[in-house]
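K.L.:
In order, the protein sequence lines correspond to chains A and B.
The numbering of the first sequence is this note's numbering, which starts it at 2 and goes up by one.
The numbering of the second sequence is this note's numbering, which starts it at 2 and goes up by one.
Derived from the structure by calculation, the hints contain no laboratory data.
These numbers come from a predicted model, not from an experiment.
Take these hints with a grain of salt, some might be off.
[Claimed, not checked] Here chain B is said to cover these stretches of chain A; the calculated rule only asks that three of the stretch's residues, wherever they fall, bring their Cβ under 8 Å from a Cβ of chain B:
#1 69 to 76
#2 115 to 127
#3 137 to 147
[Unchecked claim] Here are the computed lysine-lysine pairs in the DSBU-like style, where the Cα-Cα straight-line distance is at most 30 Å:
#4 B/6 / A/127
#5 B/339 / A/124
#6 B/372 / A/184
#7 B/240 / B/307
#8 B/410 / A/365
#9 A/441 / B/372
Glycine included, each C-beta is placed from N, C-alpha and C at the ideal position.
Protein chains: 2
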Amino acid sequence: MFFSKSFIPILKNNPAEAKIKSHQLMLRTGMIKQSSAGIYSWLPLGFKVMKKIEKIVREEQDKIGAQEILMPTIQSAEIWRESGRYKDYGEEMLRIKDRQSRDMLYGPTNEELVTDIFRTSVKSYKSLPQLLYHIQWKFRDELRPRFGIMRCREFYMKDAYSFDINDDEALFSYNKFFLAYLKTFKRLNLSAIPMAADTGPIGGNLSHEFIILADTGESKIYTDKRIFDVKSDETKLQKESLKNLRGEFEKFYSVTDEKYNEKDFNDKVPEEFRLKTKGIEVGHIFYFGDKYSKPMNSSVDFQGKKEFVKMGSYGVGVSRLVGAIIEAKYDDKKEIMKWPMSVSPYDCAIIPLINKGDKKNIDKAINLTKKLKEHNVDYIIDDTEESFSAKMKKFNLIGIPFQIIIGNKTEGDNFEFINVGNDSKNLNIDEIVKIINQSKKN
Amino acid sequence: MFFSKSFIPILKNNPAEAKIKSHQLMLRTGMIKQSSAGIYSWLPLGFKVMKKIEKIVREEQDKIGAQEILMPTIQSAEIWRESGRYKDYGEEMLRIKDRQSRDMLYGPTNEELVTDIFRTSVKSYKSLPQLLYHIQWKFRDELRPRFGIMRCREFYMKDAYSFDINDDEALFSYNKFFLAYLKTFKRLNLSAIPMAADTGPIGGNLSHEFIILADTGESKIYTDKRIFDVKSDETKLQKESLKNLRGEFEKFYSVTDEKYNEKDFNDKVPEEFRLKTKGIEVGHIFYFGDKYSKPMNSSVDFQGKKEFVKMGSYGVGVSRLVGAIIEAKYDDKKEIMKWPMSVSPYDCAIIPLINKGDKKNIDKAINLTKKLKEHNVDYIIDDTEESFSAKMKKFNLIGIPFQIIIGNKTEGDNFEFINVGNDSKNLNIDEIVKIINQSKKN
Chain A
2 MFFSKSFIPI LKNNPAEAKI KSHQLMLRTG MIKQSSAGIY SWLPLGFKVM
52 KKIEKIVREE QDKIGAQEIL MPTIQSAEIW RESGRYKDYG EEMLRIKDRQ
102 SRDMLYGPTN EELVTDIFRT SVKSYKSLPQ LLYHIQWKFR DELRPRFGIM
152 RCREFYMKDA YSFDINDDEA LFSYNKFFLA YLKTFKRLNL SAIPMAADTG
202 PIGGNLSHEF IILADTGESK IYTDKRIFDV KSDETKLQKE SLKNLRGEFE
252 KFYSVTDEKY NEKDFNDKVP EEFRLKTKGI EVGHIFYFGD KYSKPMNSSV
302 DFQGKKEFVK MGSYGVGVSR LVGAIIEAKY DDKKEIMKWP MSVSPYDCAI
352 IPLINKGDKK NIDKAINLTK KLKEHNVDYI IDDTEESFSA KMKKFNLIGI
402 PFQIIIGNKT EGDNFEFINV GNDSKNLNID EIVKIINQSK KN
Chain B
2 MFFSKSFIPI LKNNPAEAKI KSHQLMLRTG MIKQSSAGIY SWLPLGFKVM
52 KKIEKIVREE QDKIGAQEIL MPTIQSAEIW RESGRYKDYG EEMLRIKDRQ
102 SRDMLYGPTN EELVTDIFRT SVKSYKSLPQ LLYHIQWKFR DELRPRFGIM
152 RCREFYMKDA YSFDINDDEA LFSYNKFFLA YLKTFKRLNL SAIPMAADTG
202 PIGGNLSHEF IILADTGESK IYTDKRIFDV KSDETKLQKE SLKNLRGEFE
252 KFYSVTDEKY NEKDFNDKVP EEFRLKTKGI EVGHIFYFGD KYSKPMNSSV
302 DFQGKKEFVK MGSYGVGVSR LVGAIIEAKY DDKKEIMKWP MSVSPYDCAI
352 IPLINKGDKK NIDKAINLTK KLKEHNVDYI IDDTEESFSA KMKKFNLIGI
402 PFQIIIGNKT EGDNFEFINV GNDSKNLNID EIVKIINQSK KN
């Protein structure tokens, strides 16, 4: 891809309306464009990052045996009346009347709809457990949308739902998602900490938020620093192993604001390990038993009688993660962004120094691409006539982790190669490809 | 995947509300579930097919240099007032007031929104052409939704938009999409014919519908049979080559109802080639010049003056194609569905004959899967205790193109293998894998 042909509308300055770095950076590098308050279009650069995040989220859901479905965005108010949440949900729910004056709404979440699907589809406990997920747009009519896609109105979310015959099995399902989330965030190069959390309008009595530390976060958190050292690599997708993992985390006090109790915090956390800070919620899981299955009459046959299924729900903010990763990875002092390789819009930027009318370095850049294509290295060539320093500044914001500089000093088979944040090296293209592809495996 | 653990809620009989075969089949095989009038959830089997169609549509857009973006579903009424379509669009547009009483709507199409993105992003003709596409949910509040996902309210669509400096370049872009659509439908194993069509609420004076023949279609078509023999395999992504391709098609009279003129038809088509029949619209492309760019003031600098960009738009109904393929491929007499390999939910069904309490044949089935996994053959094993004839009937509706039957006669290394619609053969697993993977390449 040539930069001159790409649809990456770069802004020269930070837009005044953007208060946090992810919002600033996403507007400046043309990742998104606001279309109305709290509603954004995703332009190619932002879209690529979001799709890579989505793919990782999907793969980790598939690994625990969850099956993907896709529920519509527009729901009937009927099922929300059945569950009793239609009135409760308040003004954040975007309520709609269709041309026949039926009460509809844009789904802010899908507990009701998935319960309706389940109750008409599954009759016997033998088909349990069922883990269903979908990745779909949601709408919450925030009074004051802000911080770009971090607190917007239309957002892209993975939400999963589990159906089990009893509490014990349901907690097994809960723990599978607990592990899937740890693995998901790890692949995104984020250290997200599971914290005991309030259940809010979803309901139930067991809930964890997955939070990444960030000064700009809206969640206040109180945690024992040792929780950062808990490892999940050895955990197996088995009941005991998963229970142990949860146990390892729960050894350490770690809660969000609503669950915070000063005395507990001080009693349970030695002073040197106490951490009061802010974070960004990137995932939230809930166990709520029969809160929806009972009013909506969703039951299965079990030994001759009807049992209401026990349900949980599990959300990851796919679009929000794009911003969260920027908040976590952007280097404020150096003004440098570096995407984790797993979600970078391109693997590598090729930046030729171009003197007006002299295409020599562009030709050199094009020559390189054959080898890159052969080894599945995805690149963008900056063929614009901007000054070299302007280009470097631009790419340091765009955040592609590797840069190949083709300048006047480039001679023979070696190129200036930068692993962003490190000193540059002179390497030939084979060495460069090797380093890039190695970094994809990590 | 085991059938007993999958979420494929099969219905015993055709639901009374379903009038056409695609609607019947999709409900019976648990591909979709209606959630409210004209609004459906996609269950795993239907979701898999739709995702495979989406992937093919995406790849062919990428091949012509279109860049993927993602616009939101909820739009502001403002931009529709600018273009003048807010009033015109009528009751099919789902109009919404948000909590601040702002006029919003659920996008039925995206000409306005993409023009708004373009005008704030591109300033110079040097950045042209730009081809942008997205694949997103749309809503049209049909008065009488019917035929399942064929004429529903919330539907999944790929819509692309082209921006060029003049008519000549714009027609080059138009023809690129023309070719991309022919290639897309071919990969879906559909013979879709481009027909001169009315432009309706989109506007402009050049338009083609891509139509597949089907008795249950809602479009009346009048065509010269020789158009089915026009080949596009040799066409290159170059101006002349594409123009020639369009010319080859336009040699033959081929129009939809609105464009039909009896005298023309009889004059231009020799009697033996005349075909009056019905079809399903699966794609629609439009050229409308400055219809949106002018009122919305979307221009670029060209030799010192402002030129309104020349635009076209290009739609493919991704969700509708699932139904269209069924309408085209379902064999009414034999009551057999066979998905094209490129979009089948699984590559292969393994159907063991199971006597109560005897797991022998399930074990044989599981033994096979190692080889299948090694060669990326995606399978589903029917481990339910249904009768063999019930299983065969079920899988003939589900439509997976290949079946491996493991019955009491299965001995040694050979299995009964059925390429659906053909006689069964006794083959070993290596031969089976070879046939399946060969069919994926076609």
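K.L.:
For a quick check of understanding: which of the numbered hints are violated here, in increasing order?
P.N.:
8
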